[in-house]
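Q: As given, the protein sequences belong to chains A and B, one line each in that order.
Take the first sequence: its position 288, counted from the start at 1, is 288 in the UniProt record's numbering, and no numbers get skipped.
Take the second sequence: its position 231, counted from the start at 1, is 231 in the UniProt record's numbering, and no numbers get skipped.
If you are wondering where the hints come from, they were derived from the structure by calculation, not from laboratory data.
Nothing here was measured: the structure is a model prediction, and the numbers come from that model.
Some hints could be false.
[What the hints assert, rightly or not] Now the in silico label distances, taken between C-beta atoms and shown as ranges:
1. Glu-270/B <-> Gly-229/A: 29 to 39 Å
2. Asp-164/A <-> Gly-406/B: 22 to 32 Å
3. Leu-440/B <-> Ser-17/A: 34 to 44 Å
4. Asp-215/B <-> Glu-252/A: 39 to 49 Å
5. Glu-252/A <-> Arg-15/B: 26 to 36 Å
6. Gly-263/B <-> Ser-17/A: 45 to 55 Å
7. Glu-270/B <-> Pro-78/A: 44 to 54 Å
8. Gly-449/A <-> Thr-20/B: 50 to 60 Å
9. Ser-17/A <-> Gly-59/B: 44 to 54 Å
10. Asp-336/A <-> Glu-106/B: 14 to 24 Å
11. Glu-18/B <-> Ser-17/A: 18 to 28 Å
[Said to hold, decoys possible] If you want a taste of the chain B side facing chain A, the calculated C-beta under 7 Å gives, among others:
12. Arg-278
13. Ala-288
14. Arg-425
Think of the CB as a built atom: it goes at the ideal place given N, C-alpha and C, for glycine as much as any other residue.
2 protein chains.
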Amino acid sequence: MSDQPHRIDTVRPLRASEVTQWDFEADVVVAGFGIAGVCASIEAARAGAKVLILERTGGWGGAAALAGGFVYLGGGTPLQKALGFDDTPENMAAFLTAALGPGVDEAKINDYCAGSVEHYNWLVECGVPFKESFWGEPGWEPPHDEGLMYSGGENSAPFLDVADPAPRGHVPELAGKKIGERSGGYMLMKPLADTVAELGIDVEYDTRIRRLVVDDEDRVVGVLATTYGKPVTVRAARGVVLATGSFAYDTEMIERYTPRLSGRPGAAIEEHDGIGIRLAQALGAELAHMDASEVAIFGDPQMMARGILVNGRGQRYVTEDTYPGRIGQATLLQNDNQAFLIIDETSLEEALATESATPFFRFQPKWVAETVAELEAEMGLPAQTLQTTVATYNQHAEHGTDPVLGKKPEWVRPIKGALACFDLRGLTAGFTLGGLRTDLDSRVLHVNGEPIEGLFAAGRCTSGLCAYGYVSGASLGDGSFYGRRAGKAAAAG
Amino acid sequence: MSDQPHRIDTVRPLRASEVTQWDFEADVVVAGFGIAGVCASIEAARAGAKVLILERTGGWGGAAALAGGFVYLGGGTPLQKALGFDDTPENMAAFLTAALGPGVDEAKINDYCAGSVEHYNWLVECGVPFKESFWGEPGWEPPHDEGLMYSGGENSAPFLDVADPAPRGHVPELAGKKIGERSGGYMLMKPLADTVAELGIDVEYDTRIRRLVVDDEDRVVGVLATTYGKPVTVRAARGVVLATGSFAYDTEMIERYTPRLSGRPGAAIEEHDGIGIRLAQALGAELAHMDASEVAIFGDPQMMARGILVNGRGQRYVTEDTYPGRIGQATLLQNDNQAFLIIDETSLEEALATESATPFFRFQPKWVAETVAELEAEMGLPAQTLQTTVATYNQHAEHGTDPVLGKKPEWVRPIKGALACFDLRGLTAGFTLGGLRTDLDSRVLHVNGEPIEGLFAAGRCTSGLCAYGYVSGASLGDGSFYGRRAGKAAAAG
Numbered sequence: 001m002s003d004q005p006h007r008i009d010t011v012r013p014l015r016a017s018e019v020t021q022w023d024f025e026a027d028v029v030v031a032g033f034g035i036a037g038v039c040a041s042i043e044a045a046r047a048g049a050k051v052l053i054l055e056r057t058g059g060w061g062g063a064a065a066l067a068g069g070f071v072y073l074g075g076g077t078p079l080q081k082a083l084g085f086d087d088t089p090e091n092m093a094a095f096l097t098a099a100l101g102p103g104v105d106e107a108k109i110n111d112y113c114a115g116s117v118e119h120y121n122w123l124v125e126c127g128v129p130f131k132e133s134f135w136g137e138p139g140w141e142p143p144h145d146e147g148l149m150y151s152g153g154e155n156s157a158p159f160l161d162v163a164d165p166a167p168r169g170h171v172p173e174l175a176g177k178k179i180g181e182r183s184g185g186y187m188l189m190k191p192l193a194d195t196v197a198e199l200g201i202d203v204e205y206d207t208r209i210r211r212l213v214v215d216d217e218d219r220v221v222g223v224l225a226t227t228y229g230k231p232v233t234v235r236a237a238r239g240v241v242l243a244t245g246s247f248a249y250d251t252e253m254i255e256r257y258t259p260r261l262s263g264r265p266g267a268a269i270e271e272h273d274g275i276g277i278r279l280a281q282a283l284g285a286e287l288a289h290m291d292a293s294e295v296a297i298f299g300d301p302q303m304m305a306r307g308i309l310v311n312g313r314g315q316r317y318v319t320e321d322t323y324p325g326r327i328g329q330a331t332l333l334q335n336d337n338q339a340f341l342i343i344d345e346t347s348l349e350e351a352l353a354t355e356s357a358t359p360f361f362r363f364q365p366k367w368v369a370e371t372v373a374e375l376e377a378e379m380g381l382p383a384q385t386l387q388t389t390v391a392t393y394n395q396h397a398e399h400g401t402d403p404v405l406g407k408k409p410e411w412v413r414p415i416k417g418a419l420a421c422f423d424l425r426g427l428t429a430g431f432t433l434g435g436l437r438t439d440l441d442s443r444v445l446h447v448n449g450e451p452i453e454g455l456f457a458a459g460r461c462t463s464g465l466c467a468y469g470y471v472s473g474a475s476l477g478d479g480s481f482y483g484r485r486a487g488k489a490a491a492a493g
Numbered sequence: 001m002s003d004q005p006h007r008i009d010t011v012r013p014l015r016a017s018e019v020t021q022w023d024f025e026a027d028v029v030v031a032g033f034g035i036a037g038v039c040a041s042i043e044a045a046r047a048g049a050k051v052l053i054l055e056r057t058g059g060w061g062g063a064a065a066l067a068g069g070f071v072y073l074g075g076g077t078p079l080q081k082a083l084g085f086d087d088t089p090e091n092m093a094a095f096l097t098a099a100l101g102p103g104v105d106e107a108k109i110n111d112y113c114a115g116s117v118e119h120y121n122w123l124v125e126c127g128v129p130f131k132e133s134f135w136g137e138p139g140w141e142p143p144h145d146e147g148l149m150y151s152g153g154e155n156s157a158p159f160l161d162v163a164d165p166a167p168r169g170h171v172p173e174l175a176g177k178k179i180g181e182r183s184g185g186y187m188l189m190k191p192l193a194d195t196v197a198e199l200g201i202d203v204e205y206d207t208r209i210r211r212l213v214v215d216d217e218d219r220v221v222g223v224l225a226t227t228y229g230k231p232v233t234v235r236a237a238r239g240v241v242l243a244t245g246s247f248a249y250d251t252e253m254i255e256r257y258t259p260r261l262s263g264r265p266g267a268a269i270e271e272h273d274g275i276g277i278r279l280a281q282a283l284g285a286e287l288a289h290m291d292a293s294e295v296a297i298f299g300d301p302q303m304m305a306r307g308i309l310v311n312g313r314g315q316r317y318v319t320e321d322t323y324p325g326r327i328g329q330a331t332l333l334q335n336d337n338q339a340f341l342i343i344d345e346t347s348l349e350e351a352l353a354t355e356s357a358t359p360f361f362r363f364q365p366k367w368v369a370e371t372v373a374e375l376e377a378e379m380g381l382p383a384q385t386l387q388t389t390v391a392t393y394n395q396h397a398e399h400g401t402d403p404v405l406g407k408k409p410e411w412v413r414p415i416k417g418a419l420a421c422f423d424l425r426g427l428t429a430g431f432t433l434g435g436l437r438t439d440l441d442s443r444v445l446h447v448n449g450e451p452i453e454g455l456f457a458a459g460r461c462t463s464g465l466c467a468y469g470y471v472s473g474a475s476l477g478d479g480s481f482y483g484r485r486a487g488k489a490a491a492a493g
C-alpha cells in the first residue's frame, strides 16, 4: 500500500510523473467485476495480457448477479433454433432499431446483431447454461428456469409490424430456481467468475477506483484507487477498462441528467455512482443519451395483459400486453407517472391462477367496485372519462379487436361485472442508460471524435446499444458483448 | 493575420506555449454577438476591461435579433406595476420551479428572480424600450408592440394553483411593428449593440472560434479563431466568455442528445452548432439536461384555446389555453408528435375574427365534417374514440367546466355543428436547452465541481435556467442576465 499523498477527492486525472511508486502493475486494469468487467478480463487474459480486476465491493457480481439474468441475443442462436424460432441478424437489428430508438447508434446495433450467435456460443463455452425451454406467458421474467422468453415486446404492437417476432431474452439456468429467489443473473456471473479464477486473473476486492493516471500525452496509463481508505497506484501498461456501472445512485447526476428517475433507482446497486463516466469526462470524453432510462413498473404482467391501463385522465395509453418496461417508460416519462390497472373479477381470477415470477406484484387492489361508474367516482376521475374508455374498449373487444392500441386478440375481452383497480402510481423504478460514447472496439471517444488513448469502457457506464427505448437483456447483452471487445482491444494496447 | 500552422480541425485546446504570436489581445474575449455576448461585453467594458467580441457572421444579433423578443422578467418590474400586476421574486420562483422542471437549478432560479427587477432596469438604462401595454389574448407573441404578455402558462392549469399568476413576458417595443414582420428581438439587440459601440468595444466579424488556448495549468488564456478560413490567435488576459448559442443545428449532437428534435430545428440559427459546448467539454466541463428542448407548435393559439387538441388515439392530452410551447412539448415528447386541433364552425369564425400575431398559422383545415362521427371516420380513428372524447368534453362544457384538463371557463364551450380539424403533425420545431453547467457567476464548471479557470459561458450554450419545461423569454432572459454575470466575472479575472 502506497504512502504517496495523492488526493482522492477529485476526478481530475493524476499525472504519471507524480507517481513515484506503483503498488500494482498489470497490462490491463479492469475497474468493476460485474458483467462488463468479467468479460473484458477473460478476453484480455486470453489475449495474453496480465490482467488485474479492481472491485469496489468484497466480491464479484455487480448489479448483474442480482439481475433477472436476461441476455438479449438472437439472429438464430442455437437455443432459438432448438426451440423452433427463426431469426436473423437483420431481423433482430430492425427490431432493436425501432425498440431502442430514437437516436440509436446504428453501427453498434448492426455489429451487435451480427455477432450475437458467436457471443451466445462464447458464453456457453464459458459455462453459462441455457435450458432448452421457452416461457411464453406475460411477465418480467420466467418463473422457473426456462431459457428463452420474449423480453422486449417483439410480439406485441407496434413492433409486430416492424420485424418478424422472435424471443431473444436468453436466461441462464439456475437449477432448482424458486419463484422470488436468486435469479438467472447469478448463473450468468458464476461461470464467468469461475473462468476468471481458472485463468488466474488477479482481483483486488474492496478497491475503489478514484482517478485515472495519464502520461504527458494524456494517454491513460493507470489508475489511482483506494483500498480501505488508503490510496493505491495501479499501472496499466496497455489499457484501463471502465466497467463501473450506471449513475442511478448519484443524486447530483440524476438531478442533472435524469431528474424523472429521482428517488426511484431500480435494478442498480448503490455503487453505481457514475464514477467511470466522470473520470472519463475529465479527459474530454463524449457522452450520449444521458437522460435515457430503463423504467420498471411493479404491476403484474399477467394482470396487465388481461386488464386495461389508464392514466390520470382515465385514458388508455399503452398496449397492455407488451414488454412491461415499455409500460414503465410510457407511464413515467409520458404520463406523469400516473397508472391504474383496471381488471374485472373474472380476468383477475384467471390471472391469479397463473404462475407469476414475482409474487410481490400481487398486492391488493386500491379500489373495488360493482360498476365502472362507481369505480370512476371512487377514483376521483371526472364523470364519463373512465366510463367512455371502458365502453369504447368493450365495443371493440366484443369483436376481439383493439384498434386503439393493438393489444393481441388473445388478451382482448370485454370488461364486465365487478372491477378491481390497482394503483400503480409510485411503483416505477429504473436505472440510467446514458453514458460514455464508445466505438465498436469499446474505446472511449473524446468529444473530438477520436479515441482517448488507453481508455476503454463497457456496460452501463456507456451509452451502449440503447438510446431511449429498452429491452430486458440489453444491459447484460451490451455489457458482456462490448466488455469482451474492451478486453481484446485493451490487450492489443 | 497569423501564419501559424495551428490545426483548426480539432476542438482540443491549444497550448499557449505553442502560440508564438498573438494576432489580437484583450482582457476579455467574448465569442458570439447575440444576447449573451452583448450583455457580457457591456458589463466587462464597464468594469474596465478591454473587450473583444468575435462574431462568426457579418453582423451583430445572433438568434436573439430574429426572436420574438420576450425577456422573462418579474418579481415586480416597473412595467408589471404600471400595468397593474402584482408579483414577487418568490412568486416568480415558485412558478419557474414548477414550469421549468423537473431538475431545475434552484439556486439559479432564486438568484435570477431576486435580480429580475434590477435586470429590467439595466436593460431600460441601456435603451431597451418596453411599452406600457398589455396583450391578454392567447398567442405566441403580441400582434403589435405591446410590452407585456403571459408567456409560460402562468394563468392556465396546472400552474394557476402553484403561484399567483403574473405576466412576465417583457417584449421590447418596435415602433410601427407590423404583424409577421421584424419583431421584438431586434429591439432588444439594437440598443445593446449601440451600447457596445458607444463603449468603444472592438468587434471582429466573420471570425469563428475554433479552439480554446490554455496555459500549462489548464487556465483558459485565449482562443484560436478563423477569419475567412485563416487562423487567428486571440489572447484573453482575464477570461473568455462563450456565448455561441445552442446545438440545434449540429446533426450529430442532436442524434446523440435530443434525437426527437432531429430534422426540426426552430428559433435557432445555422451557426448554432454546439461549438462552445464541445470546446469546454474538451477541458472536462460538466453538462446538464442535454436532451431538454423547447418545442414550438404551429397551431394558432386563438384557435387552440377555443377548440380541443387530441392525440393519435383521439384523446385530449393538454390544456388547450396554456402556453403553446407547453403544447408543443406535450405533443412531440409525450404524444409521439400526434396533434389534431378540432374546432366547430362558430368558434373557428370567432378565432379568425381575432388578431393573430402569426398569420402563417391560419392555414386550411385538413378535414371538415358535419358530425363528430363523420370526422372520426375521415381521420381514420377507431369508432367511438373521438366521439366519446367530444361527448365527455361537451357534457362538462355545458356547465362551463373542464375537469379533465382544467381549461379556463372563458374558453370552455360545447363543440357543436360543423367541424374543422387541423392536422398539426409535423408542425413542431424547437431548439436545444441543454448545455454547459455554470455557476451563478457564469463560470463554466468542471465535472469535478469547481470552475474551469478563465472560462465563462451564458446563453443557450449553457443549461441556464431551464431543465425540461420552457417559458418564452427564458432564453433571452437567462442569456442576458447570466451574460452580464459572465462579463463582470471575466473582467474581475
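Q: So which of those numbered hints doesn't the model satisfy?
A: 1, 2, 4, 8 and 14
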